[in-house]
Every structure is written in structure tokens, then in C-alpha cells.
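First to last, the sequence lines map onto chains A and B.
According to our numbering, the residues represented by the first sequence are 1 to 772, in order.
According to our numbering, the residues represented by the second sequence are 1 to 158, in order.
One thing to keep in mind: the hints can contain errors.
What the hints assert, rightly or not - So these bits of chain B aren't anywhere near chain A, every CB distance computed over 12 Å: (1) 1; (2) 3; (3) 53; (4) 54; (5) 116.
Claimed, not checked - Derived pair list, reagent style DSSO-like, types lysine-lysine, alpha-carbon separation capped at 27 Å: (6) A:345 x A:612; (7) A:6 x A:580; (8) A:18 x B:155; (9) A:110 x B:14; (10) A:24 x B:130; (11) A:18 x B:116.
For the record, the hints were derived by calculation from the structure and aren't laboratory data.
Built from N, CA and C at the ideal position, the CB exists for glycine as well.
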Amino acid sequence: MERKLKHIGKSHTKFDAKERVSGKSVYGHDIDLPNMLHGSILRTAHPCAEIISIDTSKAEALDGVVCVITADDEIVDVNNISYKRDHPILKKGTVNCNRDEIAAVAAISKEIADKAIQLIDVKYKVKQGIYDPIEALKEDAPMINEFGQGEEKFGNKNIAESFHYEHGDLEEQKAKSKVIVKRTYKLPRVTHACMATSNITAEFNKLDGRLTLWSSTQVPFLYQRDIAHALKMDPSKIRVIQPTIGGGFGSKLDMHPFEPICVLLAKKSGKPVQIVFSREEEFILSPTRQPMTIELTTGCDAHGKFTFREVEIIKDNGAYTSWGATTPFVMMQSYSSLYQVAACKFDSHAVYTNNPFAGSFRGYGNPQATFSIESNIDLMAEELGMSQTEIRLINANYKGEVTGQGLHYKTCGAIPALKKVIETSDFENANSKTKGDRYKRGIGLASMLHVGGGAKIYRSDGCGTTLKLDHYGYLTIITGSNEIGQGSETVLAMIAMEELGLPEEKIRVINTDTDVKPWDVGVHASRTSFVAGNSLLGAIKLLKEKLSKKATELLDVVTDNWEYADGKMSFNEFEIKMDKVAREMHFGFPHELCTVNYFYEPPSKFQDKDFKGDVSGNYAFASQAIEVEVDTLTGKVEVLNTHVSQDVGRVLNPLGLQGQMEGGLATGIGYALTEEMIYENGVLKNPSFHGYKLLTTTDMPPVNFYPIETYDEAGPYGSKGAGEAPLIPTAAAIANAVSNAIGVRFYSLPITAEKVLRALHEKESMETIERR
Amino acid sequence: MKITFKINGESISKDIKPSLLLIDFIRDGLGLKGTKPGCLEGECGACTVIVDGLAINSCMYLAININGKEITTIEGLGTKENPLDKVQEKMVEHGAVQCGFCTPGMVMTTKAYSDKCIAEGIIPTQEEVKKSLEGNLCRCTGYAKIIEASEAVYKQER
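Given these sequences and hints, build the entire structure.
Structure (C-alpha cells):
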């Protein structure tokens, strides 16, 4: 990376920021089509029940109602949806969780549609549901999902998905271990809480059978295929347009029942239909992070070198199976390959219950895995009498390492990241700070590993780009990738500015329409800047070849060494404007347009049947040191300061990257301390921001961020994916810090004031007993 | 019921239902979609507008209550010459925007507070700035850049 760069590495304001701050961006909520109807969905009154009858007559008779559908309607000729195809779009016969859709209404206003829903009379026979996965695994438990294939595939009717992984000689490593720590961790159900609630607008054209969807999906091409499967349509007849998306964080990876339901309403009514969730619906219906119980046994030898990890995970899958059931893909990476681990055995079962189904969420299983791993590391260090920093440093991943799982760390910033936060937080001294009576301070450390160059879990992990340089020297980038707020559009514009010497105002990014843009797998796995960036660089190379050929001819000079600046190409004393070259290409021989297409497929590999293989183009590493203060009178934990260091390969846009760090930390802190969906017998008790506590401005600590640049050759300019990492080690570091502050360790999240206070009282009474 | 009010500098009279919420009136009745419906329960602040100088949640306010008052929505900021208000410029500059759904509310809250502070000749502390934004939720940014942007509005006044 000798070349001096003008734009990459320098802060650039967000490409779309002016639209956003002026309220001009159009979100799904703002779409208003001519003759558009409003849809509303009736959900079950009981999480587990048989449906005896559904009477929609009163709803249909209501003035303003255009149509009502239930599973028995002839228009509802559909397939099951979801990752395991175990989820009926509209339920009949039985309902299995509190999200279950029974009927839907389209009406001339939202108010009328909501009123009509309440007029639908459903008679239920209420059944005893199963809300604990351990109960569901018992032999005498009823089969929860009738489409489940657990019996044949996993030996238990209520297992939705299982993963087994191992490497190394577990018994040999156990024998070598001086210290073995076994603990059980319980992780809560939390939700994305996107500021914009879920929404969809559907228009079905009966004349040509084409469907247009305005959808905030993160994965438009997979979504197009999913909608087609659900509704028995030809995927190419479905056009997916993404309006501005008001937050994703993984929630929009799955297609959910309300989306095909909206299409069915549009088909039946013959008019466009829009469904927008209320905030309460959003809480109840948005997929959650996986709640799970993790039993982790880890060992290290007398010198603190890690010997093995053995882990058993029971995940509450809920009633249906979303992409979330595949989070073990990521979790097994952390168990097998975060730090050097000689042997690892991993088993996880996602178990059906009558709880709502979990989905995908930024970090994808990794915050849970990392919480358990990093807690166990502190416990081993303590037992061994070793410092928390040393045990991590001697086991840290290194450049050139090929892990037991086959991940190849061609570059690795694990040790520099650890050293950085240890230094900036003055970890060793902060650790021994004198503690006051009421307020106790502590510091905790945690690291993480995540994919940095996409993840080949689908047949292609690629991204397409089309470039168009017009007669006036303006560039249009048509990319398969999506902007969901993370700033990838800005990075693409910066790359084009860098490579083609064009000013920002001459660049447009088109990325919202499946009828126009080339294929891309979607926003997930921190992959967008990596794959879309590489794809754009490939396309720019082709464009330059084209420009070079024409310019050479026009100026009668032989070279490939053009410099691109200020809209011009130059070589020694030769100079020509790019727009002139584009025009000459069109109007003169060979009469072609200055456009190119390029598709980039990362060099990563599919993992084999044992889940081994180099699954990502590169890997991201990070460490966090977090300082907390615990008020022993109230139990409240306050995060005072955070030190974050991450191997991002190379910083592309410092301003955008810092924003990803701060936002990630906020979600991580919420996961650690305040956020929890409280379910009782399958019913959510806190479906509002009153009861579900997001951080606010006054809760947010400073984020001291130190990027580590390792210049990985797989990434654009040496960069790695960065978006998910900042929230992954946060809860682990905070739990370690709380333990350091008050001498009590928490094995479940969130670490609420109530929990802290109870634990302190228990500790006090134990100490009193011991003193006696 | 007929109400008369001034919105974004323009005087308007309209017949409305007494139970109409201000947010619905603004978005559906007046077609000003920049005001965002985030929760409709007064918790998230995305629908913040300014009524007679005060930032309010338009989802918690009946439209009839604007009778005789002056309202500013996100569409009312900026001028022909400078389409972005200083608050908006600072939000852009400081990277305070990610998905942007909370942004109009953040801008309007900051605008009301900064106008008040400037009128009273006060330069708020960082804690006061944070407090002023406590009623606005954001899931993307972790607030740091929003707070920075908001502080920068005052720093320039100095």
C-alpha cells in the first residue's frame, strides 16, 4: 500500500446525510400509492391453542373493509416459509406462539383495518404450552411444530436444528490441563428495536402477473426467491424496491409472514396494500437474538496455555425456525478459534418451544459465545493465579495461524488490539484502584473473532457492479449491495472518487431495485464494504481499460499509465477529459457506451460437512477494556469508560467507522445491562420502550477507539468487515468488570440492578456466616 | 372543528376531528412526511416538532391544540439560500446520521433547545446537552456523534 491516497482513510460525511437531516428520505412509512389500502393482521390470543372456528362476517360487514383473508381463503394458495419451511403464513388448526397470524384485513384506512380485526371472532381450545426447551426435549412432550423433522434427523421430535463440531484430541488435552472450569451461562431474549417499525407495501398487477414490493429487506435477492416460493410465483416477476431502511441489524434477514400476507391482500383486493407495524407489534413480532443456555468447560495447562473447550448449547428456537437457527456457524468459530485452542468439541441443539422464534441479530450468536468464553478465561486465570492480561496474550491468535477449524489468519491484529486496550486503559493499575465504600469500581477485558471478508454460507457470497460513465463525465454506480444506514454507499463513492478522480457531486449510487441492480447476497456478516468494495474496484479496472484504449487512440500515445484527477486522464504532457473520451467512444468508432459489468466472488470456501474450512475472505479481531462503577446501595452498574481496539485491516472512512463502533457499543451495553424481553408463558410482558430499556444519551460512556491496520490483501485497500464486531465482546468485558468491582460473577444477562443487589446481599450473608 | 395556525411560516385554516393526533395531522393531513412515527407512545422522540418554541412529541399532542400557535417541522428549517439549518449542517458534519429515522426528531429537539439557549445567552454544558436529548432514542449511533453535533451548534455561537 505504497500509493498515496486522497480519499480513503480520510473522514467523509455520509453520502445521504443531507437527505436524512432534512426529512426528505422516503421510508416505507412514507409511501402513499394511489388507491392504496391499509392492512392489519389478527394474531392469536393464546400462544398455544387449537383453533375451533373463525368468524370474519362482522369484519367483512364493516364499512370501509375491502377484504378479509384466513388460511381457508382460496387465494391463500401458499407454501410454508422460513429456513426449515416449517412456518405456515396463515395458521389453521393450531397456533404455536404469540406471533401467530390467523387472519388479515385490507381497508380504506388503518383505523378501519384495526377495528375490523377486533371484530373477527375466533374460538380457541387453549392448550398447555411448553416454554422451556428442556421440557420440550422430554420424551413425553408433545410435538410442537407439526412440520418439524427432528425425529428423523436428530432423534428428538422437538429438535429443530443441531450442530456438532470437533477438532483435536479432547481427552489428551483434558489430561494435560492443570485447571478446568465448567460453568453454565444463560442468555436473554433481546430485540433489534429498529427505530422504524417493520413495513411493507405491495402492488400486484393482474394484467401481467407482476408484483412490486416496497420492502425494507436486508437481502433483496434471497427475499425475492423466498416471496416467490411462499406465493408459488416466478421470482423474476417480483420486483423488490427498498425504500430508505430505518434500521436492520439482522432483523430483516428473514422474510416474515406479514410480507406474503400483504401480497395476498393486494391480490385479493386488486389494490396496493400497505402494512406498517405499531411499536407494540414490532416488539412482539420482530425476530429476537437467540436465548440460550451454554454449558462451557474449558481448560488450561500449568502455564496458562489453553488446552480444550467443550460446549453444549440448548437454544430456545421458539415455534418456527428462522435463519437464527444457523447461528452456531458463527458460534463454533469462536469456540474453536478465538485464541489458540488445541481441542474443541461443540454441540448445539435448537429446540422448538411455544415461545416466539428467534432470528438473526448483529453478531449472530457471537455475543453469547464470547460472553461464555471470556468469563471462563477470567475464572481460569483466577484459579491459576495468573493475570487476566497475560493469560489472554499468551493464547492470542497470530498471523499465519491456521486454526483447528481451518480458518487461515493471513493477517491478524489480535495481539496488537489486546496490547492497545491494556495500555490505554492502564489495565493493570485500574485493576487495583482503591475502591470506595458505596461505589465500587472495576475493569474487565474481552476479545472477539468474527468474519471480516463475508461468509460463504450461501452458494455465492459475491456482489455485482455495473458502472456507467455518461456523456458529461458523471458516474453511476449500480451495485447489488444495500445501504441500511451503515454507510456502505459512502465508502463506494469514496472508492470511485479515489480511483477515477471524480468529485462527489459527479457520483450516484443506485442500489434499491432488483429489476435494475445486479445480484448480491445481502447485508449480513459484516460483508458489504468488503464485497461491494472489491466488486467496485473490479468494475473500475474494466472501465479504466476501456477509457485507456480510447484515450490512447484519440491522443495517439501508447500507455496504460493514466492518472485520473479532476475529471481528466493524463499521461506526461498528454491530457484529455473523461467525458470527451466517453462521448468519442459513443459517437465515434466502435460506437459503444462507456459501461461495464463486474461480478466479484470472494476467495473464501464452503466449509465441509464437519464445518471445517476457510469460510471468510479474512478475519476481524478486537479487544475491549471496559471500566464500570457499581453502586452497592442501589445495585446499578454504570459504564464509565470504554477502550476499543479492532483489527479493521485498513480504515476506509474514519467517521463512518467510529459511528459503527459507538453504535455497536451502545447495543452491547444494552445487552449487558438493561435489555430483556420478559416472557411469561409465551406472552411478552414489556412490549414498549417504557418496559424495554434502550440506552439514552445520558447512559452512553465515552468510546475510545483505536483501529489496528493489518492491510489484508483480500479486502479493498486492505480492509476487513467491521460492523458487527463492536458489540460482540462488550457484555463479556462488562461482566468481567463487574466481577472485578464487587467480587460477584454473573452468569446471565442482563446484569440488572435487581440482580446485583440480590447477589450482594447473598454474598454479605455468606460472609457473615463464614465469620461466625 | 376549525383551527387556524402557522406552520413553517405559512398561515393555514383547517377543519379537523377533535381527536386527531398532531402527528397524523402533520403526516397525513398536511403531507409533511419528514416527521417520523417511531412509537406513538411518547417514548422515542422521532416525531418531535416545535410548537411556539417548545419541542414536543407530536404523537402525544392533539392537533386542535395548535390553534393560534406557530409550528415548525423538519421541512420548515433552512432558507432558500441555506437549505440546511446550522443544526442540520452540524449533524451532517459530525456523522450523527446512520439510518436516519430518528434524525428529524434529534434535529428538532436540538433546534428548540439551541434557540432557547442562544436567546438566553447560555452555553450549555455537555451534561445539559445530553439531558436535552434524553427523550430521543437512537439504535444506530450510540448517540456520541449526535451529542458532538449538538455541542458544535453552541461552540460556533461563541
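Is the claim that residue 1 (chain B) lies outside the interface with chain A correct, judged by CB distances over 12 Å?
holds, 18 Å
Given pair status - residue 155 (chain B), residue 18 (chain A), alpha carbons within 27 Å
This hinted pair holds, its Cα atoms lying about 21 Å apart.
Find the nearest Cβ of chain A to the Cβ of residue 54 (chain B) and say whether that gap is larger than 12 Å.
Non-interface label stands for residue 54 (chain B): nearest chain A Cβ at 19 Å, farther than 12 Å.
Satisfaction of hint between residue 612 (chain A) and residue 345 (chain A), Cα-Cα up to 27 Å
holds, 13 Å
For the pair we were handed, residue 6 (chain A) and residue 580 (chain A), check the Cα-Cα distance against 27 Å.
The hint holds at about 24 Å.
Holds or violated: residue 110 (chain A) and residue 14 (chain B), Cα atoms, limit 27 Å.
The hint holds at about 22 Å.
Distal placement of residue 116 (chain B) relative to chain A, Cβ over 12 Å
Residue 116 (chain B) clear of chain A: closest Cβ-Cβ about 18 Å, beyond 12 Å.
Proposed proximity, residue 130 (chain B) with residue 24 (chain A) (alpha carbon, max 27 Å)
Holds, at roughly 26 Å.
Hey, does residue 53 (chain B) actually stay past 12 Å from chain A on C-beta?
holds, 20 Å
Please check whether the beta-carbon of residue 3 (chain B) is more than 12 Å away from every beta-carbon in chain A.
The claim stands: residue 3 (chain B) keeps its Cβ more than 12 Å from every Cβ of chain A (closest is about 20 Å).
Does the alpha-carbon distance linking residue 18 (chain A) and residue 116 (chain B) stay inside the 27 Å limit?
holds, 24 Å
In summary, this structure violates none of the numbered hints.
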